[in-house]
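Q: The primary structure of each chain is shown beneath.
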Amino acid sequence: MACPDCHTEVEGGFALPILAGLDSDEQDFILKFVGASGSLKEMARLLGVSYPTVRNRLDEVIARLKRAEEKRDGTGG
Amino acid sequence: MAQVDNGLTQGANRHRARLADLLFRPFVYIAGLQSLLIGLAAIALAGLLGYLSNSHFDGVLDFHTGRPAALHLFLLEGLVDWLALSVVLLVAGKLVSKTAFRPLDLLGTQAMARWPTWLVAATSLAPQYQRLLAGLVAQLGGPAGQVAIRPVDIAVGGLALLLMLLCIVWMVALMYQAYSLCCNVRGAKGAGSFVLALLAAEAISKVALIRLLTR
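Protein chains in written order, with the working numbering: chain A, 590 to 666; chain C, 1256 to 1470.
The hints are simulated quantities; they were obtained by calculation from the structure and are not laboratory data. Owing to the predicted nature of the structure, the values given are computational and were not obtained by experimental measurement. Yeah, the Cβ is synthetic: ideal placement off N, Cα and C, and Gly gets one too. Some clues are possibly wrong.
What the hints assert, rightly or not - Simulated DEER-style distance windows between Cβ atoms:
(1) A:Gly624 / C:Asp1317: 23 to 29 Å
(2) A:Gly602 / C:Arg1280: 32 to 38 Å
(3) A:Thr597 / C:Val1450: 53 to 59 Å
(4) A:His596 / C:Leu1292: 55 to 61 Å
(5) A:Ala652 / C:Lys1349: 36 to 42 Å
(6) A:Gln616 / C:Leu1451: 37 to 43 Å
With these hints in hand, go ahead and build the complete structure from the sequences.
A: As structure tokens, then:
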């Protein structure tokens, strides 16, 4: 893991938190979702998209988290 | 300068993507009650224009011009078509979708997917199209009914027919996008279940309308 600005590098055999494995868009989605108290309707209003669009995005994030969890636990295909 | 060009190109690409979304995937932005109200208004408008041009949407995918009828029958046709496909897609969605979805989204977006039908009905008002159809029907009646069809009617009426066909294709594309988004099903499973549902809904709507109209 390295910082492109200060060039600090950290090496070692450690596991990153599952959330850190998501890309920045997905992390941002989770932050907004928590901020909206988990309301899909509120998320739809915040993002300017329809309810099913938000729900599908949430399904994608859940699937990513499940895969990451399985990978961490060594149960993934 | 290159950066300005790059920025302009990216802006134009975003604009095109947004336009394509609005034309073919408007449900990314509109669903639920809002789409239901827009859809019902479009279905009512298509029924009214159909009444004025004697054009019937007598089946989920059907469009025929000819027989005059009462206004309420034209309105009923659009509602039966919408409900037949919506109910069958609800069942298909329950069977193939892995996620919970709101029936209101599916009903609303399927109503809105019928938006192009008012354009079809409006196009069928064109006098050239009406004369072309009348001429063709007279010719089918045999030598006694032979009438000359004016070239301008063939050209403009033919263009109107092409526009109507494109609108029907557009409507089917919207119906699929609505189903795919609301039930979160894509790929072969999404397309396969949609085609089967469309065929079933076409048969159901035809039978329902024949029963309703022959009462």
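Q: So, against the hints stated earlier in the document, which numbers end up violated here?
A: 1, 2 and 5
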